[in-house]
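Chains as they are written, first to last, in numbering that gives the first Met the number 0: chain A, 0 to 241; chain B, 0 to 302; chain C, 0 to 267.
Quick caveat, the hints were computed from the structure, so don't treat them as lab data. Among the hints, a few may not be true.
[As the list claims (entries may be wrong)] Pairs of lysine-lysine residues, derived as DSS-like cross-links and limited to a Cα-Cα distance of at most 27 angstroms, are as follows:
#1 B/K219 to C/K73
#2 C/K102 to B/K299
#3 A/K58 to B/K133
#4 A/K233 to B/K33
#5 B/K33 to B/K219
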Amino acid sequence: MKQILLATAAFGLSASMAFAAAHSVVRLGTEGAYPPYNFINDAGDVDGFERELGDELCKRAELTCEWVTNEWDSIIPNLVSGNYDAIIAGMSITDERDEVIDFTSNYTQPDPSSYLALDGAEPDYAAGVFAAQAGTIQASHIAASGATLVEFATPDETVAAVRNGEADAVLADKAYLLPIAEEASDLSIVGDDVLIGGGIGMGIRESDTELKDKFSAAIDAMKADGSLNALIEKWLPGSATF
Amino acid sequence: MPTRARGTAIFSFCTDPSTLSDAAWLGCYLTTGKHMALYWSFGTVLLLLAITAPTALAFGFGGAAAARSRFLPLRWFGQAYIAIVRGVPDIAFFLFFVIALDQAFEYIRHRIKCPDWDQPVRQGNDFVVCAEAKLPLGNAAQWIHETYGFFLAVLTFSIVFGAFAANVLYGAMRAVPHAQLETAEAYGMTPRQTFRRVLVPQMWVYALPGLSNLWMVLIKATPLLFLLGVEDIVYWARELGGSKTPRFTDYPHGDWRMWYFFALLVFYLCFTRVSEIVLERLMVKLTYGQATLGGESQRKAAA
Amino acid sequence: MSCWDTLADYGLRSIGIGERLLPRSDFTLCQQVVLIGSGMIWNIYFGLVALVSGFLLATAVALGKASGHRVIRKLSEWFIFVFRGSPLFIQFFFAYFGFQSLKSVSSVFDAFSAAWLGALIVLFLNTAAYSGEIFYGALRSVPKGDAEAADAYGLSGWSRFRRIIWPTMLRLAWPAYTNEAIFLFHATTLVYFSGFPAWQQRGDALYYANYFADKTFNPFVPYPILAGYFILLTLTVVSVFGLINRRLNRHLPQEQRLRMRFRPNLIR
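Construct the complete structure from the given sequences, taking the supplied hints into account.
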């Protein structure tokens, strides 16, 4: 697992001219389909933990930010291609991703993943059938474990697969599954939590160190004054704080 | 419980939907900002089709003309374009082509606008051009970004369907009776004149069945728009239809994707039907007075 | 690891033979070519089986649409309209949804929610509708003289259809049908992409291309590989159909055969 990057960002008071020119508006890319981290609210706007966090970070870093949504599948290629400047989409810090993009300081503790199954079900963790969103760390985890993996394009469909019996359980971030388990009468969290992936951080282009440092500094500042913890308690109850 | 940003509701009674009766609830539900986005996206799809169809036809015309050019490299180019793009499934094309297109544009602008840029454009995985070359510019408003994305989608669709249109038009050009072209030559027309005055006006009636088929295929390719970063009807139907827990919405519901997809199905069926009727009328008009079987039977029916 | 080893490990990965784990780091070009090629097995399976089985239904539907019986005609017309008028994407969604609900009715339907059967049925119905319309168009343009000649020879019923009408219909429809076959093979990429979930990381060529694009974060290698495979597949389809076309028209004089060859371009 990747050690958390605790950036000791020494960031100057005045940003360089080039930075100001390139980042007069910072575009934040998110998926918009992963509550409570990010989702589209009734009004059609991006909402959730990361919306509130991102707005606060931009305020602290004195940046003008704009929210855009992008398919999960192509969220990194579009970042490196320059279609937006940062990914803030519940993305765990992993070695593979870190080779391609840079991450800011993490803004959540490593979030455990957990299994959600029909009430009373006891899935066989070594040989059962498990649903996961394609391209997530959970999908890789199940594939490596030897159990049968069923992949779906959206997190929504993974839960639907458990409901209709296609899969014994779904493996996903606990913070995503918890509200579903609380609201649904027929589903509950089962088994032990699984620790995969590091904390969640913002993904930034490797060539964009100045922006990374700015966001890291803002995240560290929020950690220090407790405002990040307040946000975590509000949106991700049950998750570890800093 | 987190507070939610509430959209401005259309109806004043929508402030607390949990207390409403079924009909009022549905009325409020169907007029949320998110649903408005869905309704708008129907317009987006129609607009895309309206712009793509003539553009693809233009690409097709260029491709077909190139494929029968007497200049060898141009002919190769035209034939390769038709063969390669037709050979590849459109999804595969959409998945990488838009990014490539965007990068190509930015690279060209970069070379023109920032000649004294000393850093490489490819830095590891990153594609970095100077700020002035960004498309759209970094500080542009969101609607400009969306319009640019829409433009890229139109261009990609046009290139793909242009290849199919080129194939149809290429065939139609060859279907024009050879005697017509020979007559033109006998009148002393240059090849260019023959092409413009004889071949092109006559080829449309041969091309129309193929082109209308292509139009139907184009309509049914629009669900792939979300791959091109355009928030289309399928994107919103999926987003709205997925089950919602009361924590994150005022309108919790189960998995309603079936209803939303059913609405899309009705939309596509109606659209197809309307297109069929219009194209049929157009065909009748085009065959009028033509020396084909269809034109002949029209004449007989009138007599 | 040499490329031969990779081929041995992953050549049949898409049908569950070979290495269980997909490559997870240090992706080589060879791995991408082999795995995406392995996925092509599914594209070919779906395309081929749907094409052959759809051919029979298409003939029936075309005859149904041309039939004098009102109910049969209406049924055929609606079948063609619904499947031609809606995107495949939505058809897959409803099929998966429907087969899921049938599963709770009886365990007979268990296999239907798996791609190999469920998606195949959708593709089968879809291509039957498209080809049915093509065949119907051809059926209408069978020259009157052919039918009259059959009558003159005293042929009727099945033998009249089998020996006179059907071969002529095929001849007329063949160019357009070739295009339909190409489109069908292209459509097979939608199976795992939007319709049915992939089990045990066994998927089609697009699934693996997607996997590599996702792991390497570079779409510019796997998708062009996929495109290359499909160009080869399309060329194969075109040449096989061309051979059949030659056989269908072998009795025609040379000049007319040439005329037939122009037709492919007329329709799509």
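Okay, the hints, checked on the actual structure:
{"no.": "1", "hint": "B/K219 to C/K73", "verdict": "23 angstroms, holds"}
{"no.": "2", "hint": "C/K102 to B/K299", "verdict": "57 angstroms, violated"}
{"no.": "3", "hint": "A/K58 to B/K133", "verdict": "24 angstroms, holds"}
{"no.": "4", "hint": "A/K233 to B/K33", "verdict": "24 angstroms, holds"}
{"no.": "5", "hint": "B/K33 to B/K219", "verdict": "24 angstroms, holds"}
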